[in-house]
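Full structure from sequences and hints, please.
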Amino acid sequence: MTQPLLDVRGIAKFYGARIGCADVSFDLWPGEVMGIVGESGSGKSTLLNCIAGHLEPDAGEVFFDTRVDGMKDTRLMSEPERRMLSRTDWAFVHQHARDGLRMSVSAGGNVGERLMAVGARHYGDIRARAIDWLGRVEISESRIDDRPTAFSGGMQQRLQIARNLVTGPRLVFMDEPTGGLDVSVQARLLDLLRSLVREMGLSAIIVTHDLAVVRLLADRLMVMKDGHVVEAGLTDQVLDDPQHAYTQLLVSSVLQV
Amino acid sequence: MSEYNFAYLDEQTKRMIRRAILKGLAIPGYQVPFASREMPMPYGWGTGGVQVSAATLTPDDTLKVIDQGADDTTNAISIRKFFQKTAGVNVTEKTAEASLIQTRHRIPEVTLREDQILVYQVPIPEPLRFLEPSEVETRKMHALEEYGLMHVKLYEDISKHGAIATSYAYPVRVEGRYVMDPSPIPKFDNPKMKMAAVQLFGAGREQRIYALPPYTEVISLDFEDYPFEASKADHACDLCGAENSYLDEVIINDQGGRIFVCSDTDFCTSRQDQTKEEAA
Chain L
1 MTQPLLDVRG IAKFYGARIG CADVSFDLWP GEVMGIVGES GSGKSTLLNC
51 IAGHLEPDAG EVFFDTRVDG MKDTRLMSEP ERRMLSRTDW AFVHQHARDG
101 LRMSVSAGGN VGERLMAVGA RHYGDIRARA IDWLGRVEIS ESRIDDRPTA
151 FSGGMQQRLQ IARNLVTGPR LVFMDEPTGG LDVSVQARLL DLLRSLVREM
201 GLSAIIVTHD LAVVRLLADR LMVMKDGHVV EAGLTDQVLD DPQHAYTQLL
251 VSSVLQV
Chain V
1001 MSEYNFAYLD EQTKRMIRRA ILKGLAIPGY QVPFASREMP MPYGWGTGGV
1051 QVSAATLTPD DTLKVIDQGA DDTTNAISIR KFFQKTAGVN VTEKTAEASL
1101 IQTRHRIPEV TLREDQILVY QVPIPEPLRF LEPSEVETRK MHALEEYGLM
1151 HVKLYEDISK HGAIATSYAY PVRVEGRYVM DPSPIPKFDN PKMKMAAVQL
1201 FGAGREQRIY ALPPYTEVIS LDFEDYPFEA SKADHACDLC GAENSYLDEV
1251 IINDQGGRIF VCSDTDFCTS RQDQTKEEAA
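Residue numbers (this note's numbering), protein chains in the order written: chain L, 1 to 257; chain V, 1001 to 1280.
Hints were generated in silico from the structure; no laboratory data involved.
One thing to keep in mind: the hints can contain errors.
What the hints assert, rightly or not - Incomplete in silico selection of chain L near chain V, CB under 8 angstroms: (1) Pro80; (2) Arg82; (3) His122; (4) Gly124.
The beta carbon of each residue, even a glycine, is placed where N, CA and C say it ideally should be.
Below, the structure is given as structure tokens:
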């Protein structure tokens, strides 16, 4: 592998005079998981949304290694091209499953939507793949025709993951994927995410404030404060030997049971 | 006739509507916004269709109005009388004699000709409305041809009912481009939409006009393993015996008695008259 999957250069986003995030650059290699941590309001989600194309950054470039044209600045892509990318090679897992699911459509329909969006027109095939994916995220086949409103929070989150991964994306954006779930459900979800990421060789960017999540999932870590990246490096290195004062504070603030 | 301008609307309004119609014909299936006027009837009673008819009518036209295939229902009669009064045009119940037909929920059984115009009353022009509530988003989806969501609706039908249960307002794709709501006609009528007559669709409350030029290709959406089926009640008409027309089920007493009759009243009566003539 000679080039990164994603190359982010000098991303900045301002909300009037206030800084959303500023001067963020990094690259992400195929199969790598990048964690972004920081306290609330540090600009993690702003950064993620800028990279994923949900927000228009004020400066910077986001190069993605597209299947056809190679490295390409996603900000300069036409809208159809970018939307196509975001439902094939990219996936976005929202913190609240309700933002990422169609609550009035059955679980099978939710998983099948991306398949139908890229042209699947055989009901039997779509359903078979939905069943396969529900199985992979540990949702029983018997729940395929139930609506997500009848699911628990953890199940909704797993359904959202299945819905996103069904088209075999290469890059997954996750915004606090374990937020709002209780610890045992969190642990199972993390386990599931880790095995999926390893199995499918996914690259992922995970935004979270939970250091345990990045310890488990991320290869590399960026620590953000007030819109700037204050420290970056290998996850274990950053967490075990924090250099920046804020990272030291963050690591020492974790409650021990 | 001095109380009203011809066909109720003023000439400027009719020009505005005609421009929308021409644009609609130029881009088959595309919903053209237009400045819908208040009409002297409630929304849901065909205000869109009436405006399109008013803009299309000429003094030489012969008008036919049907509601669910019937010429003698409240909606059809009131619209017919409206144009008799405001435009003074000839009216008819015979499909073959009409040059302009305004319809609600049906396409006549008799094949239409090139010199006829069919005007539909449309309640909700946006086929994606109940799947994606944002109009901004649905317009974007039309612009970018993102129609995967339409199949999610059909998928839900099959998973719930074992077959595509949508039986009216069945979504169609026009000339391989726009997905269109054919108005709430039964899906039995969908295959007829590739026809010789011009088809115009007016939605008054939603302020949209769309159109199909003659012989436009109209394909009903489906799955490879669940193909589209133009279904009707499995019965023959109890009045005229027709086996290929769309039927209404009519309850005739409180003992559970019911009959099936053609929903197209003109088609049914002309067949009955023919049989009588042959017998005589």
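Now for the hints, and whether the structure bears them out:
no. : hint   : in the structure
1   : Pro80  : holds (5 angstroms)
2   : Arg82  : violated (10 angstroms)
3   : His122 : holds (5 angstroms)
4   : Gly124 : holds (5 angstroms)
In this structure, the one hint that does not hold is number 2.
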